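Protein chains: 2
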Amino acid sequence: MLILGLDPGTATTGFGLIKKEGKKITSLDFGLIETDKEISSPQRLILIHKEIKKIINKHKPDVVAMERLFFAANAKTAMDVGRACGIMIFTAAKANLEVFEYAPMTIKKVVAGNGKADKKMVQKALRKILGARVRSKKNGKTHFDNAADALAVALCHAYTIKVDKGGEK
Amino acid sequence: MLILGLDPGTATTGFGLIKKEGKKITSLDFGLIETDKEISSPQRLILIHKEIKKIINKHKPDVVAMERLFFAANAKTAMDVGRACGIMIFTAAKANLEVFEYAPMTIKKVVAGNGKADKKMVQKALRKILGARVRSKKNGKTHFDNAADALAVALCHAYTIKVDKGGEK
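Here the protein sequences line up with chains A and B, keeping their order.
All residue numbers in the first sequence are consecutive under this note's numbering, ending with 169.
All residue numbers in the second sequence are consecutive under this note's numbering, ending with 1169.
Watch out, some of these pointers could steer you wrong.
Per label pair, the in silico range of CB-to-CB distance [claimed, not checked]:
| no. | chain 1 | residue 1 | chain 2 | residue 2 | range |
| --- | --- | --- | --- | --- | --- |
| 1 | B | A1095 | A | L2 | 50 to 58 Å |
| 2 | B | E1098 | A | N114 | 43 to 51 Å |
| 3 | A | A103 | B | G1113 | 28 to 36 Å |
| 4 | A | L2 | B | D1062 | 39 to 47 Å |
| 5 | A | G115 | B | T1077 | 46 to 54 Å |
| 6 | B | I1161 | A | K50 | 28 to 36 Å |
| 7 | B | I1039 | A | A103 | 37 to 45 Å |
| 8 | B | K1053 | A | L2 | 24 to 32 Å |
| 9 | A | K124 | B | K1094 | 39 to 47 Å |
| 10 | B | T1160 | A | E34 | 32 to 40 Å |
| 11 | A | D36 | B | A1095 | 38 to 46 Å |
| 12 | A | K116 | B | K1050 | 24 to 32 Å |
| 13 | A | L28 | B | M1001 | 46 to 54 Å |
| 14 | B | G1113 | A | Y159 | 24 to 32 Å |
Derived from the structure by calculation, the hints contain no laboratory data.
On a predicted model such as this, the values are computed, not experimentally measured, just so you know.
All C-beta atoms, glycine included, are put in the ideal place defined by N, C-alpha and C.
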């Protein structure tokens, strides 16, 4: 089973693709979808749609797992992330992929064993499970953070697969 | 100029189409896009996309005006409305339509002359400008509320057209 994990954002969306074969889990790909702040908001949504579609067409995942954000630092950010989120769900659904959403605390608990784990703990757990090669491709810590969150939600799904369409856990 | 006004929601989205010829403004159509609560969230987004596309193909508006919501009663609602909003903006942008967003207070001020106008005042102003025929098609007050909000934002755009791509006013 191929799981595409997405960590939604407007400027930077992380993606991470993992393969689950029985108990064996490996990471196949991870990276970022970045949209220029100079581009208008509607064009950024079109770009996000295009890039997610490209990843789906390239890797043909069986399912999409996304981090469900319930609130953001401010209402404008919440609304903007919500828009980007909507495009991701729409793109997955148009490709006939089921979308599973997980709350951040659930992801941390499943991946790092602690719902209050910090970023370092989650990343340490990720490397332990997926192997040492899961490192920033751009040597930028911030960059890996986003891709790591995407790998984490994919991993969370791999560990907790249930038949529960579009539900939250 | 044909302006498509949208009042975004997840369960019920209002739409209103107005025509501006010089100083003459008339309403051409208004109504609701309703999605069943029983349908999964991804499928509802697909439905919203489909219906907006249908309205755009039917009426061929020149521009889309939307109410920009900055916050909602709760974070989950904000996120859900944000998703639906994202789909509407995406659909308009894919049809090469510019999207203009207006804050609720701006709409009330432009349409009813008072940024703190209540629903009744806005609807009274709408009927005065667009004519007595602007009434609920379903005889349901709630139903007209949503379509009225869509007509109001279209009207707001008609009165305040500026070259300001995707901006907020």
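Results for each hint:
1. Between A1095/B and L2/A the C-beta distance comes to about 33 Å, which lies outside the given range of 50 to 58 Å.
2. Under the hint 43 to 51 Å, the C-beta atoms of E1098/B and N114/A, about 47 Å apart, fit the expected range.
3. Judged by the Cβ atoms, the range 28 to 36 Å given for A103/A and G1113/B is violated: they are separated by roughly 45 Å.
4. Distance hint for L2/A and D1062/B: a CB-CB separation of about 43 Å, consistent with the stated range 39 to 47 Å.
5. Take G115/A and T1077/B: their Cβ atoms lie about 24 Å apart, and the range 46 to 54 Å is violated.
6. Hint check: I1161/B to K50/A, Cβ distance near 30 Å, so the stated range 28 to 36 Å holds.
7. For I1039/B paired with A103/A, a C-beta distance near 22 Å fails the hint of 37 to 45 Å.
8. Evaluation of the 24 to 32 Å hint for K1053/B and L2/A yields a pass: the beta carbon distance comes to about 30 Å.
9. Between K124/A and K1094/B the C-beta distance comes to about 42 Å, which sits within the given range of 39 to 47 Å.
10. A beta carbon spacing of about 34 Å between T1160/B and E34/A agrees with the range 32 to 40 Å that was offered as a hint.
11. At roughly 22 Å, the beta carbons of D36/A and A1095/B sit outside the given window of 38 to 46 Å.
12. Checked against the given bound of 24 to 32 Å, the beta carbons of K116/A and K1050/B, roughly 42 Å apart, lie outside it.
13. The supplied range of 46 to 54 Å is met by L28/A and M1001/B, whose beta-carbon atoms lie about 50 Å from each other.
14. For the hinted restraint 24 to 32 Å between G1113/B and Y159/A, the CB-CB distance of approximately 58 Å leaves it violated.
Violated hints for the displayed structure, listed by number in ascending order: 1, 3, 5, 7, 11, 12 and 14.
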